[in-house]
Amino acid sequence: MSLTIAEVEHIAELAKLGLTDAEKALYREQLSAILDYAATLQAVDTSAIPPTATGLPLRNVMREDAVRPSMPREDVLANAPDASEGYFRVRAVFESGD
Amino acid sequence: MLHSFTIHRAAALLRAGEISATELTAAVLDRIYAVDNAVKAYLTLLPEVALAQAAAADAAIAAARAAGTLADLPILTGIPLAIKDVITVAGVRTTCGSKILESYIAPYQAAVVDRLAAAGAVILGKTNTDEFAMGSSTENSAYFTTHNPWNLDRVPGGSSGGSAAAVCADECLAALGSDTGGSVRQPAALCGVVGIKPTYGRVSRYGLVAYASSLDQIGPLAKDVTDAAILLGAVAGYDPRDSTSVDLPVPDYVGVRDQGAGDRGLHGLRIGVPREYFAPGMQAEVEGAVRAAVELMAELGAEVREVSLPHTDLALPVYYIIAPAEASANLARYDGIRYGLSAPADSLWEGYRRTRGQGFGAEVKRRIMLGTYALSAGYYDAYYLKAQQVRTLIKQDFELALQDVDVIACPTSPTTAFRIGEKVDDPLSMYLSDVFTLSLNLAGICGMSMPCGFDAAGLPIGLQLIAGAFAEATILRAAFAYEQATAWHKQKPAPG
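Sequence order for the protein chains is X and P. Going by this note's numbering, the first residue of the first sequence is number 1, and it counts up by one from there. Going by this note's numbering, the first residue of the second sequence is number 1001, and it counts up by one from there.
Hints are supplied without guarantee of correctness; some may be wrong.
To be verified - Footprint (simulated), chain P over chain X, 3 or more residues, beta carbon under 8 Å:
| hint | stretch |
| --- | --- |
| 1 | 27-36 |
| 2 | 45-55 |
| 3 | 69-79 |
| 4 | 84-93 |
Hints listed in this document are in silico derivations from the structure and should not be mistaken for laboratory results. For each residue, glycine too, the CB sits at the ideal point set by N, CA and C.
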């Protein structure tokens, strides 16, 4: 299969990855080759095979819903690119007028 | 000289009062200063922290000697170790080999590091890795490529290539790595050291920066089987902070060696050789060395038979759907808001695009793209669900084979260390370097790599031993017996 540049741009937008035109062209070629390789799976009859999500037989793991100490706020914010008054500062989600 | 010690030798000398932890740590730091310009194993060195920990260990040893409790002292007291830079040490930079975390100081500490600290170990520093553990050579590190101490023009393998090279070049006594598709075993093979990928759930992943959460597992890299068993025993065990950690007792892994010490034999052990793992295209010297190792184990009393893992060919395509899919979800957290690189932009959305576009390297972007595609509307069933179904078949292959045998023996990697630059432009060819290791992660079972010879160029060859879930002691039994009958692990390179 061969991806189009528009498909590459769509995937990049879903992943919020800003790509240069050169990267788009490269990933179009490389992803197409890798997906061709992955297409060998299509030949396997899996109609009666359940999916495996983990190697373990574990399912839901419960713990007591108890209050426990959490990381101090200043430690959490210490790596923040932009923080103010004990909060992360972010750019506006909605533009003015929205 | 002290830098070349194993953990068990150094621990005995520390207890005998013949060396101090401070002398030992200083000697290993001197070794790092002497050879790391050539090997480039470390991303971050912590000499002051290490020497302070060593002084504390010396005080603990002196107190234990005065109290007559030396026998109760944890074996890792005063032992200098290296940590792959995808595992957090509180207050220390954790880059994951990525520019997006270049200035990230971990505010919390991995469970495995807590365990090492409680045992009195000394942390020398953080070792190089392919970015977010995605790679087989360390060439995907955003900082530099680590060089194989056996031949500096060759890769050390990856992604735990920094840890493997540091162990190999005596720049630490042992190290921790992480293994998602072979990232402990393949570099162990290419550097000629011992590496274990424990069963999924054996070691807590708390504080291991996530790549593919259903496959990731932390494991030891060491100079011999005894040291690998010591380090595995020190970090294994239940941790409520990792919900996939399993609450099973940790066996005495080192004790396995002494159990077999009577006849040093492998009588009663059934070893399977999978016919699919000796495929055309593999280096003839690798096949020869692995077959000779199996013959030796047969001479030691093991019963050897051929087994079949019929879905082996499908492990690579399954892995390269599932691992990128999980990675694309895990790496969504790098948004430039809470930590890490944050590129200036006029809008929130453009900030995400620029931060991630600038902060991630080529392989990470490639896998995020691949995983996002496999999970996207219209392709989920054809790629992700299909891969999970074939994952079931791969898991069943091992379950069936391991009904007839206790251990599976095969090559760790199809070739010895390849040249730096040889595979960087061909992702599929790089992925094939892990073709014999990644099926174990898909099945969730355990495996290890240990040295079993050298090729004509003098590069080490790795023997992979595989067993079922929580059967680490079984592979260690075979490994101890093989190691006691050979001397491969005693050969050392002279880097720099």
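For each hint, the structure was consulted:
no.	hint	verdict
1	27-36	holds (count 6)
2	45-55	holds (count 8)
3	69-79	holds (count 5)
4	84-93	holds (count 5)
Checked against the numbered hints above, the structure violates none of them.
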